[in-house]
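Each protein sequence line maps, in turn, to chains A and B. Position 67 of the first sequence, counting from 1, maps to 111 under my numbering, and the rest follow consecutively. Position 24 of the second sequence, counting from 1, maps to 68 under my numbering, and the rest follow consecutively.
Just so you know, the hints here were simulated from the structure itself, not pulled from any lab data. Keep in mind the model is a prediction, meaning the values are calculated, not measured. A hint or two may mislead.
Copies of the same chain look alike in the list, so a pair counts if it works inside one copy or between any two.
Said to hold, decoys possible - With a straight-line Cα cutoff of 16 Å, these simulated EDC-like cross-link-like pairs (lysine to aspartate or glutamate) come out:
| # | residue 1 | residue 2 |
| --- | --- | --- |
| 1 | Lys-278 | Glu-312 |
| 2 | Lys-76 | Asp-216 |
| 3 | Lys-278 | Glu-138 |
| 4 | Lys-278 | Asp-145 |
| 5 | Lys-283 | Glu-174 |
There are 2 protein chains.
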Amino acid sequence: MEVTIIVRRKRVFVQQPVAILDSGVGGLTVAKEVMRQLPLEKIVYFGDSLRAPYGPRPAEEVRKFTLQIVDYLLQFQPKMIVIACNTATAVALEEIRQLVDIPVVGVIHPGARAAITTTRNGQVGVIGTEGTILSGAYEKALKSISPSLEIIGLACPQFVPLVEQGLSGQEDTYRIVSECLQQLTESSIDCLILGCTHYPFLSSLISEVMGPNVALISSADETAREVSTILYHKGLLAKRIQKPVHQFLCSGDPELFRRIAEQWLNEEIKVNSVVWQVTRIG
Amino acid sequence: MEVTIIVRRKRVFVQQPVAILDSGVGGLTVAKEVMRQLPLEKIVYFGDSLRAPYGPRPAEEVRKFTLQIVDYLLQFQPKMIVIACNTATAVALEEIRQLVDIPVVGVIHPGARAAITTTRNGQVGVIGTEGTILSGAYEKALKSISPSLEIIGLACPQFVPLVEQGLSGQEDTYRIVSECLQQLTESSIDCLILGCTHYPFLSSLISEVMGPNVALISSADETAREVSTILYHKGLLAKRIQKPVHQFLCSGDPELFRRIAEQWLNEEIKVNSVVWQVTRIG
Numbered sequence: 045m046e047v048t049i050i051v052r053r054k055r056v057f058v059q060q061p062v063a064i065l066d067s068g069v070g071g072l073t074v075a076k077e078v079m080r081q082l083p084l085e086k087i088v089y090f091g092d093s094l095r096a097p098y099g100p101r102p103a104e105e106v107r108k109f110t111l112q113i114v115d116y117l118l119q120f121q122p123k124m125i126v127i128a129c130n131t132a133t134a135v136a137l138e139e140i141r142q143l144v145d146i147p148v149v150g151v152i153h154p155g156a157r158a159a160i161t162t163t164r165n166g167q168v169g170v171i172g173t174e175g176t177i178l179s180g181a182y183e184k185a186l187k188s189i190s191p192s193l194e195i196i197g198l199a200c201p202q203f204v205p206l207v208e209q210g211l212s213g214q215e216d217t218y219r220i221v222s223e224c225l226q227q228l229t230e231s232s233i234d235c236l237i238l239g240c241t242h243y244p245f246l247s248s249l250i251s252e253v254m255g256p257n258v259a260l261i262s263s264a265d266e267t268a269r270e271v272s273t274i275l276y277h278k279g280l281l282a283k284r285i286q287k288p289v290h291q292f293l294c295s296g297d298p299e300l301f302r303r304i305a306e307q308w309l310n311e312e313i314k315v316n317s318v319v320w321q322v323t324r325i326g
Numbered sequence: 045m046e047v048t049i050i051v052r053r054k055r056v057f058v059q060q061p062v063a064i065l066d067s068g069v070g071g072l073t074v075a076k077e078v079m080r081q082l083p084l085e086k087i088v089y090f091g092d093s094l095r096a097p098y099g100p101r102p103a104e105e106v107r108k109f110t111l112q113i114v115d116y117l118l119q120f121q122p123k124m125i126v127i128a129c130n131t132a133t134a135v136a137l138e139e140i141r142q143l144v145d146i147p148v149v150g151v152i153h154p155g156a157r158a159a160i161t162t163t164r165n166g167q168v169g170v171i172g173t174e175g176t177i178l179s180g181a182y183e184k185a186l187k188s189i190s191p192s193l194e195i196i197g198l199a200c201p202q203f204v205p206l207v208e209q210g211l212s213g214q215e216d217t218y219r220i221v222s223e224c225l226q227q228l229t230e231s232s233i234d235c236l237i238l239g240c241t242h243y244p245f246l247s248s249l250i251s252e253v254m255g256p257n258v259a260l261i262s263s264a265d266e267t268a269r270e271v272s273t274i275l276y277h278k279g280l281l282a283k284r285i286q287k288p289v290h291q292f293l294c295s296g297d298p299e300l301f302r303r304i305a306e307q308w309l310n311e312e313i314k315v316n317s318v319v320w321q322v323t324r325i326g
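So that you can see chain A by itself, here it is in the shape it has in the complex (with noise of 0.2 Å):
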């Protein structure tokens, strides 16, 4: 079936919270970023831990997905919709925004913004999900703006399920991050986006296999920066006295969730699972 969204509201309050989704836990390396940059805002944050990876799942399947994820957060009357994962932002970023009436950032042009303002020889390398490298989103964003650049997609499939499952920390890891990126690390781009939200929790590896002359570009942080630049030219800043409490759901298995998710954000948090909800649509 088709989904249909709308925002019928028609005025947004600065109290509103702030709405982020992803395929799973990567979103929260953006969420983490939105906490430490915008100390005042409430965030909703979605994983769809059930049905991750997005990434080698089929164009039409994740823009489904990722519409009945916006369409069950709109409940919380967000004022804000942060798509936190690339693969959604490539297939259904633009339709989303068509569909509602509230300012919509993904985590495309951030990421391709921060690498044209860090380069300094103009080779950019652009690592992601299959679905991302596939869809050609970032070579699209980053020529759109600088049309000189040369840009270098690989497509690394094994990294989400490393995080997804909880293993960033384990002994493998490092040899397959470090075998992923052999193609790169013989180029000669001197910066390197993380075209997936998953990746910061392995940037330590990729930026030891990468070595010091390689700036890594994190989605997460420019994605936060942008969410502040639009919330403040919208006038949409939140104004608190005591810091919000933030809600977490997930589809997938919520002690997983909440064990990586504490981890990464370095603060209890409570998890609610919400399969029913979101998987009655599709």
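Place chain B on chain A using the hints.
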């Protein structure tokens, strides 16, 4: 007299220029970053070098000058206005936002946002002109986003004249910079906002004085990134095959302006003097 401004055009086209204004050559630090980050964007730059520096002037006077320049620049049908002067941003940004129906970007919020992203210990220094520091605009911008920050503001009225006279490379300059910043070198700030677009001309000296543990935040980089973000979100990024030809205008001595500008931008430019057109209004 009061200045009233209205943009009458109904449609904004992507090929229209980005207008950048400053009290003099300081905004060239922003222009240079816009050229680097957005090589397809055409720039119309106005430096009010006849009346620089703005820092020691009464707020009402700076406000009037800024409105005059915006009114003048509207003849170029810009798709965006960048107030690349902290003093002018502090007193006139909100008013200009009300008066025109194109996006208006200032330099204070981008700098504040970058400092929030950069600081680890929450202690942030701000240097600027008397006008900027007295206005408390940075403190307000920083605290509105992250209330727990500790901020030390310091006016450095000596810096702008050094830059406008093209003396930033001279021997005496180190002594002046070092004396001005003494109070900050004795503090525990871990990042310092260069809260005046002239200061990047002095950044290697400032960095030497402050030492390696204090990150310098240039409004220029951050403002260019904000320009990029807003143009993207408004669907206003330029589409061009050739490098655009920029326009430079100043109210003071065009030769002095050209000399400083060419050194900073590292390319040849043509500068038009436009004293009469601007000052006729005041």
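A quick look at each hint next to the structure:
1. Lys-278 with Glu-312: neither (32 Å within a copy, 38 Å between copies)
2. Lys-76 with Asp-216: neither (26 Å within a copy, 46 Å between copies)
3. Lys-278 with Glu-138: Only across copies: Lys-278 and Glu-138 sit 13 Å apart there, 19 Å inside one copy, limit 16 Å.
4. Lys-278 with Asp-145: both (12 Å within a copy, 14 Å between copies)
5. Lys-283 with Glu-174: neither (40 Å within a copy, 29 Å between copies)
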